[in-house]
Amino acid sequence: MIVRTCIALAALAGCAADSATPDAAPDAAHPEPRDAARDDIVATVDAGGLDVATDAPVAAWPAPMRAGACTRVRTNLHNNTWETATVYDPRSRSIVWSGGHVLNSYVQSAYTVRLPTEDFRTVAVRPRRPPQRRCLVDATYADSIGRAVYAHGYIDHGSINPGNFLDNWTRVGLAETPGPWLFDASRDEWIDARPVGNRFDQRHHAPMAWDAATDTVYSLRDDALQLYNVRTNSVATRALPAALHRRMFYAIAADPAARRVVVFGGSTGQFRYLTGDVAANYDANVHHDTWLYDPASDRWEALSLAEHPPRGIPSVDFTDIPAVWESQTGNVLVRVTPLDRWVADPTLWPDAETWAFNVAARRWTRLSLADAPKFMGLLNYDAHRQRLVIVGGGRDAGARPALSRELFDCTLPTAGAALEAMGPASLRVESVAPGHNTVRWEPVAGREASVWRAVANPVPSVFSLVGSVMGAGELVDRTAPAGVAVVYEVRIAGLRPAAPAANQPRWPEGLTASVESASRVVLRWQSSAESDVVGYKVYRARAGANGVLISSAMVNASTFTDSAVDLSDGVVRRYWVTAVNRGGVESGASPQAYTFPEAPLSAEVSASAPGVFEITWNWPAEVRVARFDVYHVNVHQNTNSQSDPFGPTGWYGRIASIVPDRASGGAFTFRADPTDTSPHHYFWVKAVNVLEQRGFVTDIVSASDARFVPHTSSRYAPE
845 MIVRTCIALA
855 ALAGCAADSA
865 TPDAAPDAAH
875 PEPRDAARDD
885 IVATVDAGGL
895 DVATDAPVAA
905 WPAPMRAGAC
915 TRVRTNLHNN
925 TWETATVYDP
935 RSRSIVWSGG
945 HVLNSYVQSA
955 YTVRLPTEDF
965 RTVAVRPRRP
975 PQRRCLVDAT
985 YADSIGRAVY
995 AHGYIDHGSI
1005 NPGNFLDNWT
1015 RVGLAETPGP
1025 WLFDASRDEW
1035 IDARPVGNRF
1045 DQRHHAPMAW
1055 DAATDTVYSL
1065 RDDALQLYNV
1075 RTNSVATRAL
1085 PAALHRRMFY
1095 AIAADPAARR
1105 VVVFGGSTGQ
1115 FRYLTGDVAA
1125 NYDANVHHDT
1135 WLYDPASDRW
1145 EALSLAEHPP
1155 RGIPSVDFTD
1165 IPAVWESQTG
1175 NVLVRVTPLD
1185 RWVADPTLWP
1195 DAETWAFNVA
1205 ARRWTRLSLA
1215 DAPKFMGLLN
1225 YDAHRQRLVI
1235 VGGGRDAGAR
1245 PALSRELFDC
1255 TLPTAGAALE
1265 AMGPASLRVE
1275 SVAPGHNTVR
1285 WEPVAGREAS
1295 VWRAVANPVP
1305 SVFSLVGSVM
1315 GAGELVDRTA
1325 PAGVAVVYEV
1335 RIAGLRPAAP
1345 AANQPRWPEG
1355 LTASVESASR
1365 VVLRWQSSAE
1375 SDVVGYKVYR
1385 ARAGANGVLI
1395 SSAMVNASTF
1405 TDSAVDLSDG
1415 VVRRYWVTAV
1425 NRGGVESGAS
1435 PQAYTFPEAP
1445 LSAEVSASAP
1455 GVFEITWNWP
1465 AEVRVARFDV
1475 YHVNVHQNTN
1485 SQSDPFGPTG
1495 WYGRIASIVP
1505 DRASGGAFTF
1515 RADPTDTSPH
1525 HYFWVKAVNV
1535 LEQRGFVTDI
1545 VSASDARFVP
1555 HTSSRYAPE
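Sequential numbering of the sequence shown, starting at 845, is according to this note's numbering.
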């Protein structure tokens, strides 16, 4: 059973909302070669299966626009916006901010803060297991699960991240975890989604947008559209028009009322790092095209519009064109520098403009926003207050658009008529038996409600009428395909449909794997809170192979012991769990658990005396472990500036040869060599299971280097 409350319907209503000082440009190390065979950007598309844009009449634009205005409410934020991302979380009514670089440093960040919109104070988040340190992150908010979704990014500035499998799946090495990472602000909890099947490819400068109508996150990849389905915790790809191949720095937002994803502008590759003249590269590669994507039919449409935002200068300071969907009038809002030519010096740029795109009218309108910041900044739409929050973008950083630490709270001008009221809230579906579902919602007195159904698949396409009721809030559907995931929506005349709700259970959370011996693994997970879930299925896979069902019967508890496994080959086994409801509908896969140990929780370090350090951590009592390895190094280096960071003289190469200290329990005392005059010392911890397999690693922590203050420490106070 899936329940969507008023909060879960945020993208369709006004009750909630959508979505480091570098020493040198660190991501110049990631330039992309020019593609000589690149198709020129065109106003219409004639590829197979795509619409050809026409200059169709646009709807009349309502009443004249009134001016909006911004108020600068913060001038000294805890960080700048260099290669980071923010999203608005309607449940905590806060801006969530994570990743990027630690202030005034090359060091990457995994620190998370919230900025409650009641006063925009900085609230430090102290999760027990933080995400990996990354820059170049992108984010969106998935209201259906109440979590911010962070993805993309790189770890190449000396970050020691959780790790990934190397050497034919026999070792956890210093490698990136692809994610996505999901953050629940109500619990200060991060989850590595670890989807089964296709991995979520990391793509730098690839903004993301969550769509309430399909419960899916969309992002452009090199040559494909990448989809992360939140309901099923799964990744898929679809074809992109050739004109959007290698598109970066673009604006993207989903309009769930119009059931379209909007993409605007951006650059084909990183134009500033192509060979030849920068101005010529700008002219050839930076765009002001507008695209609409229909997820239901998998069709792209390139619009031919007489009026549109300028191309701007995306990529300077590695900034994307920010975009959000605002639910009052249903417009996609973007901010862009009003230039259509290359101007190298940002101090010579005109002030950024705010534009609104209305999908129904197929029209761009430039908004009047007084006292807005000079640069684009990061956009967040607070639908509770119907205000636009711009993080960064101020003049305080001079010629560096991404180094601003100011925050602006803005009223919005009226740019189009308000959307019609949203349909019934609290739409929920309960499976009674195979092919038998009960759909409930808040009734509207005197109004007829029609219930429509579509196969999830996982993005719903064609809806068919199930039935109608007058003034009621319930309909029983006995005609659904048995054992198939479907979604329902309720339509009432004069109201726009709320987001669909599915008969598919949520994927289980909290899966752990305790290796008791080479032939015994005990799995545990959190029980489902959904009333129609009747049991679970357990799957196992060897290395990267496909998984097999290992629970011969439905598992009725939230634990399972695998006694048929043979771990003597030293290769990791991956496990995942699904929930099954009374209708025989199976959920998507839980985040995977591995036979190699997870990273210990809540790593801390303090100096009890000069050169004496107390390292502590937590470990779940139900997960068996043989010991812990504690690592130490007395220097940190920027590996992005090293020609061979994994070589014998590179920082990663040096730390790979460090012999760890062994520890039991959750604490260890380290005494530095008395001759060691290093100003800082750094530590990290791994667990080792009963098979002598080392697992994932904690974040690097230091008692003195503020850039590596432990996430759970009371010393972490951004303000």
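Simulated from the structure, these hints should not be mistaken for lab results. Treat the hints with care, since some could be wrong.
As the list claims (entries may be wrong) - Restricting the straight-line Cα-Cα distance to at most 20 Å, the calculated cross-link-like pairs of lysine to any residue (SDA-like) are: (1) K1218 / D1184; (2) K1381 / N1462; (3) K1218 / N920; (4) K1381 / E1430; (5) K1381 / Q1370; (6) K1381 / G1414; (7) K1381 / D1413; (8) K1218 / Q1436; (9) K1218 / R1249; (10) K1218 / T1403; (11) K1381 / L1339; (12) K1381 / S1412; (13) K1218 / S1407.
Here is what the structure says about each hint:
Between K1218 and D1184 the CA atoms are separated by roughly 17 Å; this keeps the pair inside 20 Å, and the hint holds. Between K1381 and N1462 the CA atoms are separated by roughly 29 Å; this puts the pair beyond 20 Å, and the hint is violated. Under the criterion of a C-alpha separation no larger than 20 Å, the hint pairing K1218 with N920 is consistent with the structure, at around 17 Å. Annotation: proposed proximity of K1381 to E1430 holds, straight-line Cα distance about 9 Å (limit 20 Å).
Of the pairs offered as hints, the one joining K1381 and Q1370 holds, with about 13 Å between alpha carbons and a cut-off of 20 Å not exceeded. Taken as a hint, the K1381 and G1414 pair is broken in the structure, with Cα atoms around 25 Å apart against an allowance of 20 Å. Taking the CA atoms of K1381 and D1413, the gap is near 25 Å; set against the 20 Å cutoff, the hint is violated. For the proposed pair K1218 and Q1436, the alpha carbon gap of about 44 Å is over 20 Å, so the pair is violated.
Restraint check for K1218 and R1249: the C-alpha separation of about 13 Å stays at or below 20 Å, so the hint holds. Between K1218 and T1403 the alpha-carbon distance is near 55 Å, which puts this suggested pair outside the 20 Å criterion. Between K1381 and L1339 the CA atoms are separated by roughly 40 Å; this puts the pair beyond 20 Å, and the hint is violated. With a C-alpha separation of about 25 Å, the suggested pair K1381 and S1412 falls outside the 20 Å cut-off, and the hint is violated.
Proposed proximity of K1218 and S1407 is contradicted: the alpha carbons are some 63 Å apart, above 20 Å.
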